[in-house]
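Number of protein chains: 2
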Amino acid sequence: MEQGNLFVISAPSGAGKTTLCRRLLEQISGISFSISYTTRNPRQGEFDGVDYHFVSRDRFEEMVSTNSFLEWARVYDNFYGTRKSEVLSRLELGEDVLLDIDVQGASQVRRLFPEAILIFLLPPSWSLLEDRLRGRGTEDSSRLKLRMANAKSELEAVHKYDFAVINDDLSRATEDLKSIVIAQRCRTPRTLARQGLVQDLKSS
Amino acid sequence: MEQGNLFVISAPSGAGKTTLCRRLLEQISGISFSISYTTRNPRQGEFDGVDYHFVSRDRFEEMVSTNSFLEWARVYDNFYGTRKSEVLSRLELGEDVLLDIDVQGASQVRRLFPEAILIFLLPPSWSLLEDRLRGRGTEDSSRLKLRMANAKSELEAVHKYDFAVINDDLSRATEDLKSIVIAQRCRTPRTLARQGLVQDLKSS
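Chains A and B supply the protein sequences, listed in that same order. Position 96, counted from 1, in the first sequence is what this note's numbering calls 96; the numbers after and before it change by one each time, with no gaps. Position 187, counted from 1, in the second sequence is what this note's numbering calls 187; the numbers after and before it change by one each time, with no gaps.
Pulled out of the complex, with its shape left as it was, chain A reads as follows (with noise of 0.2 Å):
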C-alpha cells in the first residue's frame, strides 16, 4: 500500500486559514488534521484534544527531550509541537495528513520529510490583512503591531512552499486547496499502489 501524503499549510495570521481548512476537511475524505501539542491557554471555545492537545511547560520539553515532535517551534512566549507517532501512524494507514503550522516548522518538517507538500496561504492584500487582524478585536495596539510585523516576515517564506493560494474568495480557494489534495492522490506511484491494475494487464 502506498503511504499517503502530509501536507503543510501555512499563512500569516488573518488570512482565514482555520476556516478554510474546516471546510476542506468538510468537502473531502482520507484527510484529517494532526493536532498539535501546546503550552498556550486554551481561548474561548477551544477544547483539550479538539483543537489543541494543551499541555504544561515541563510535559512539553520532556517531550522535546525525548525527541517525540516531528516540529515544534516557539512562537511568542508558547510552544507548540506536532508528534511524530501520531502523523507516521496515519500516513502508514494511506491517508493524509494536514498540518496546520508556521514557517518555522514547515521549514524543519520539509528536511525530515522532503516529500510533504507545502501549501502557503495568502491574504488577498496587506490592508486587508491589517482589517482582519484588527478586527480579530483580541491584540492590543503593540501585539497588533507585532504580529503585522511577524506576517510580513513570514511572508517572505511563500518561496519555500511549493503552493500558494490567495485566500480573496472562499469558495475558490477552498476548491484551489481541494484540487491539490486531489491532484496528489492521482500521482502515478498512488494511482498504482491503489490499483493492481498495471500486474493486471501484465498478467493478462
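Wrong hints could be hidden among the right ones.
To be verified - Distance condition first, Cα-Cα at most 27 Å in a straight line; then the derived DSSO-like pairs of lysine-lysine: (1) B/178 <-> A/178; (2) A/178 <-> B/17; (3) B/178 <-> A/160; (4) A/160 <-> A/145; (5) A/17 <-> A/145; (6) A/178 <-> B/160; (7) B/17 <-> B/178; (8) A/17 <-> A/84; (9) A/17 <-> B/178; (10) B/152 <-> B/17.
As the list claims (entries may be wrong) - Beyond 12 Å from chain B on every Cβ pair, some chain A residues (computed): (11) 19; (12) 77; (13) 144.
These are computed hints drawn from the structure, not numbers from a lab. Note that the structure is predicted; figures quoted are calculated from it, not measured. Backbone N, C-alpha and C define an ideal beta-carbon position, used for all residues, glycine too.
Based on these hints, arrange chain B on the given structure of chain A.
Using the frame of chain A, we list chain B on its own:
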C-alpha cells in the same frame, strides 16, 4: 507574466480519452487543445482545423524538415505532429495548453519541455479495454490484435508520467483531471506572478 502550463495526456486507445478531455475543457477555462497535424484521412464527423489539421504526406515531411514540430510520430501508417509555434505562442500568453498525444510524442515533449506535466489515462481493467476496442467496431480482427498489443506496450510507459488517472467513472476522472490542472496553477511562482501581492506587501 508567468507562462501557461503544458499538459500532455496519453492513453491506450479505448481508455476514453476523447470524452474525458472534452469534459475537462467544458468545465474549466484558460486551457485549450493544440490541434495536431496528421496525414490520416478524416473519420466521419471530423473536421479539418477542428479535430486535426489534415495534411498531405508531402506537406507533413516538409514541416518535419523545417523543424516545425514540437513532437511528431508515426502511428501505424500515419503521421501525427504538434506544431511548435502554435503551442509556444499560447503558453507565452499565460494560457494552458493540452496535448493529446501518444507515448512516443510525450517523451519527445518531455525532452524539449522538462516542465511539461504528463498525465496518463488508465482504463479500469484490461477486459474492459478489450470490450471498448471491440465496441468501436471500426477494427477487423488482426487490427484489433495489433491495437491490443500496442495498448499493452503503451501501458508500460505509465511510469514515466507524473500523474495517472483511472477512468472507471467519468465524473470522478474528470474531477481528477481538473484538479491536476488547477493544482498546477497554484504552484507558487505562478500564483505570485498572477498577483502583485508580495511586492505590494513588501512596499507597504
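Evaluated hints:
{"no.": "1", "hint": "B/178 <-> A/178", "result": "holds, 11 Å"}
{"no.": "2", "hint": "A/178 <-> B/17", "result": "holds, 23 Å"}
{"no.": "3", "hint": "B/178 <-> A/160", "result": "holds, 25 Å"}
{"no.": "4", "hint": "A/160 <-> A/145", "result": "holds, 25 Å"}
{"no.": "5", "hint": "A/17 <-> A/145", "result": "holds, 20 Å"}
{"no.": "6", "hint": "A/178 <-> B/160", "result": "holds, 25 Å"}
{"no.": "7", "hint": "B/17 <-> B/178", "result": "holds, 14 Å"}
{"no.": "8", "hint": "A/17 <-> A/84", "result": "holds, 23 Å"}
{"no.": "9", "hint": "A/17 <-> B/178", "result": "holds, 23 Å"}
{"no.": "10", "hint": "B/152 <-> B/17", "result": "holds, 16 Å"}
{"no.": "11", "hint": "19", "result": "holds, 18 Å"}
{"no.": "12", "hint": "77", "result": "holds, 26 Å"}
{"no.": "13", "hint": "144", "result": "holds, 15 Å"}
Violation of the numbered hints given earlier is absent; every hint is satisfied by the structure.
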